Amino acid sequence: MPDPFASLRRSANRWDRSLFSSSDSDSPDVVDRKVRASLNKLTIEKFDSLSDQIITWANKFGKENDGRTLRQVIRLVFENAIDQALRSEMYARLCRKMVEEIKDDGTKNAEGEPVGGQLVRRYIINWCQENFERGRATKEAIATTTTSKAVNVGAAIEKKGDGEEIVLYSEEYYAAQKAKRHGLGLVKFMGELFKQQVLTERIMHECVKNLLLNHGEDKKLLMNHEDIESLCVLLTTAGQSMDTTKARAHMDVYFSRMKELTKSPKVSSRMQFMLQDIIELRERKWVSRVAPAVPTTLAQIHEAAARGRAAQEEAHEGQKAKSRRRPRRGGGRLKSGQNSNKSAPNTSGPHSSVHAGEKNKLESVQPTNSSEQNMPNANSTSEATSKEMSKRKLFSPDQTSAKFKPVKRMTRKIASKKIEKNIKKFSTVRNLDEAEVYFTQLPVKYHPLLVDKLVSFAVKSEADAQLVAKLFFRASTKDLCMTADFESGFTGPIESLNDVAVAAPMAFKLMATMMKGPAFDAEQRVRLASKTSSAKLLGFLS
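Per full-length UniProt numbering, the very first residue in the sequence shown carries number 1; after that it's consecutive.
It should be emphasised that the hints constitute simulated quantities derived from the structure, not laboratory data.
Any given hint could turn out to be false.
[Unchecked claim] Keeping only pairs whose Cα atoms sit at most 30 Å apart, straight-line, the calculated BS3-like set for lysine-lysine is:
#: 1; residue 1: K285; residue 2: K246
#: 2; residue 1: K470; residue 2: K425
#: 3; residue 1: K445; residue 2: K424
[Claimed, not checked] Distance ranges between label pairs, derived from CB positions:
#: 4; residue 1: T296; residue 2: R9; range: 49 to 59 Å
#: 5; residue 1: A299; residue 2: A463; range: 37 to 47 Å
#: 6; residue 1: N65; residue 2: N13; range: 27 to 37 Å
It should be emphasised that the depicted structure is a prediction, and the values quoted were computed from it without experimental measurement.
Idealized CB from N, CA, C, for every residue including glycine.
Full structure from sequences and hints, please.
Encoded structure:
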């Protein structure tokens, strides 16, 4: 009877752990696996320990005659740096440390002592040159292939004429995108290597010349958009370090060529804006408007999050304190049956008698929009408005602005730029709580300018007009802007309303919507409506 528990037969090529452990620990596969593992775990916190491990593996080249291990480690560092452009600064620091700590016994100084770093620097320069030249050749080959295929496909479509579509995302497309990504990553890494003093200034100037100038017979400017983008990345990374007193003449030549490119019709708008950004960056002494994206530690991330939470809590507490201190408007409600017109002082003068009929009609107007039901009507605020107007006449501008949050002085030019930036942001974010700050950040004398720009921005869109009306209602209710400033800000757009209505037929209706936001009394509404020769605005208000 056969044994039911017969042992399994051993395969001739079975997996054996002892064979794996007894393999050469310095083989290329082992070096590749170990160095890749260290590079994948490399962070700012663990930089010292992991970089020491990588340098230990690179130092094993001393037992070799061809420096195979050192070249393999440098290749792996380059591949990671090019694929991870945001971490290129950290990889450049690693290369700098390798140059300083890897010893080459074959290179000695006059005293016969080994000179460290020369061989590593030579390998790094060779890798930069080879990848730079190979990348340009690859892009040219892909462009030639893509052009020829596009011509063939176009001819085939002309022959068929049956409306077939071309496949846009072909293999050539993905190859071109990969070459572009590697090219941009390479020039950024080279810029970081130059900042770490691994590459020389002469090498960087040669790269700029190759990207900017054509070395053919005609010496004309290149119109290769990828070269222009690579140039912008390189100068953004290392431009400040290159722009020294010694090299100022060369940099002036480069930027004069770039200014010519910004005016060339052969350069796309995107490339022109990129070049213009670099030109303006140099004019600002290489100080960027936004902080560059760099790797951060976990401690820095937690610290930034804590600061953000503290700022939000402080703003919330300040808003609560402000709401507790805010006085009531309007001097209280009127008793039942009391005529509000009798309690309001007569400040209209002879002008009100001319528009007496319109005034009576406007006083009976109530908001019809759901978003406007909470707005105060003209009768309940006429007393407060007239008092506010009289205060504006009696007190100086400094005394009037004392109840607003003090802000630093600024010129009209700076205020205009700030207003344009805020309105652009408001059109995208559409946050009323954030938009209230636009009034508090400006001196009081520029509030009419802010109102003018907001009205001009929203007069052609119903959604924008309703949003601005809500903002004006908030600003008026919270005393962020005086009614007289609202009236002054509305005057300019209303005077040009007839011209705007030619392109935007809804302009009169939208202007009336926005005028219901501030606490205008009947006299102010009539006075503003009389700024235009058309009776449409007065009709929408009534």
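Hints and how they fare:
| no. | hint | result |
| --- | --- | --- |
| 1 | K285 x K246 | holds, 16 Å |
| 2 | K470 x K425 | holds, 17 Å |
| 3 | K445 x K424 | holds, 21 Å |
| 4 | T296 x R9: 49 to 59 Å | holds, 58 Å |
| 5 | A299 x A463: 37 to 47 Å | holds, 44 Å |
| 6 | N65 x N13: 27 to 37 Å | holds, 34 Å |
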